[in-house]
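Peer 1: One letter stands for each residue in the lines below.
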Amino acid sequence: MLKNYEELSDMHIDVLREIGNIGAGNAATALATILDEKVEISLPIVKITDFDTAVRALGGAESMTVGVLVNFFGEANGMIMFLLKMEDAKTILSILLRDFEEENDDEDEISELKLSAIREIGNILGSSYINSIATLTGLQINLSVPYIAIDMAGALMSVPIIEFGAVGDKIMFIEEIFSGSENDLKSNVIMFAQIDTLKLIMERLGLEI
Amino acid sequence: MSQTLVVGISDYVVSKNPNVLVTYALGSCVGICLYDSRLQIGGLSHIMLPDSSQFAHQEINRMKFADTAIVDMVKEMLRLGCDLHRLTAKIAGGAKMFQVQPGSQIGSIGDRNVDSVKQVLNSLQIPILAEETRQNYGRTVYFDLSTGIMRVHSLNKKIAEV
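If you're matching them up, the sequences are chains R and Y in order.
FYI, the numbering for the first sequence is 9 to 217, going by the numbering used here.
FYI, the numbering for the second sequence is 11 to 172, going by the numbering used here.
Any given hint could turn out to be false.
Unchecked claim - Stretch-level coverage of chain Y by chain R, calculated; a stretch enters the list once three of its residues show a Cβ under 8 angstroms from a Cβ in chain R: (1) 28 to 38; (2) 102 to 109; (3) 147 to 155.
Calculated directly from the structure, the hints in this document are not laboratory data.
All C-beta atoms in this analysis are idealised placements derived from N, C-alpha and C, irrespective of residue type, glycine included.
Start from the sequences, fold in the hints, and give me the full structure.
Peer 2: If you want it as structure tokens, here you go:
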């Protein structure tokens, strides 16, 4: 009986990685459309890792990070969080909003317009992943509206772990590099699914668990 | 020489003057600083969840839950010679990081963590001298065991010392 993420076999992790790949592919297409720029993605690195390692990958617990959280529910339950370092968020925004004249922002302040742009990108990326799961498994999955927060990486990342605290201390951490014409952006996605959901996904894909 | 000891998530550390305990980036988690001012011994616990009872049928990490972590940390302090009647508490954290829609099943855990911590401390009759809790931002807590002062850092906010 699968109780937590630690017990996933290599084959299960491969399946999650493949879901990550497809999700990232969809996400790159969506990003290219909104940014009106050719966007390529690296092969995503999918890790089942502990909290501290994931936080370190984001530049440490206290580094200022933009997080967009989407809750999914229905036949599959969990959360997906899209995380961007503050400086990468600003790069995306400068491309996305290049046709807007905006007053110079304070170093650490982001205007409402920019916040909602980032929220929308997080939403599109999050939906891309969930879509890939829904398409592969045929599960009916609903999404909440996206929620955004800008704060310490550790404080943001603890949210899904806490909400699904019974599943253990490991998280699924996806790292990918989006390359545009001029800039490389590293984004991170944390996926946290209820253990029943994980089982259901594996079953639908024909894997014993 | 003073050492800075890091307390991870779902973890606690007990030490004494002149050391400093630190736990980084509390979101809806709560940091609990307990102090015996006579012995200058203190502990810092970083809990994630309010209550272990719903997980009673499985093996749990006792340091993850408010009810078990505080009791265990107090026991460890008593073993080092602390007096329960001298212990005082300062707490921080329990934020709501994302402003979710009202009625959503997520988002209330910070409040429940703070409530549970207070209830456990109350049942042990440990007075809470100060708190920097709830609201909507992450916090890093430094607990100086030479003075018993808890220093709370957050991004874009002033440092609070209590």
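Peer 1: Each of the hints needs a verdict: does it hold here or not?
Peer 2: Verification of the hints:
1. 28 to 38: holds (count 5)
2. 102 to 109: holds (count 4)
3. 147 to 155: Held - the segment 147 to 155 of chain Y has 4 residues with a Cβ nearer than 8 angstroms to chain R, which meets the minimum of three.
Checked against the numbered hints above, the structure violates none of them.
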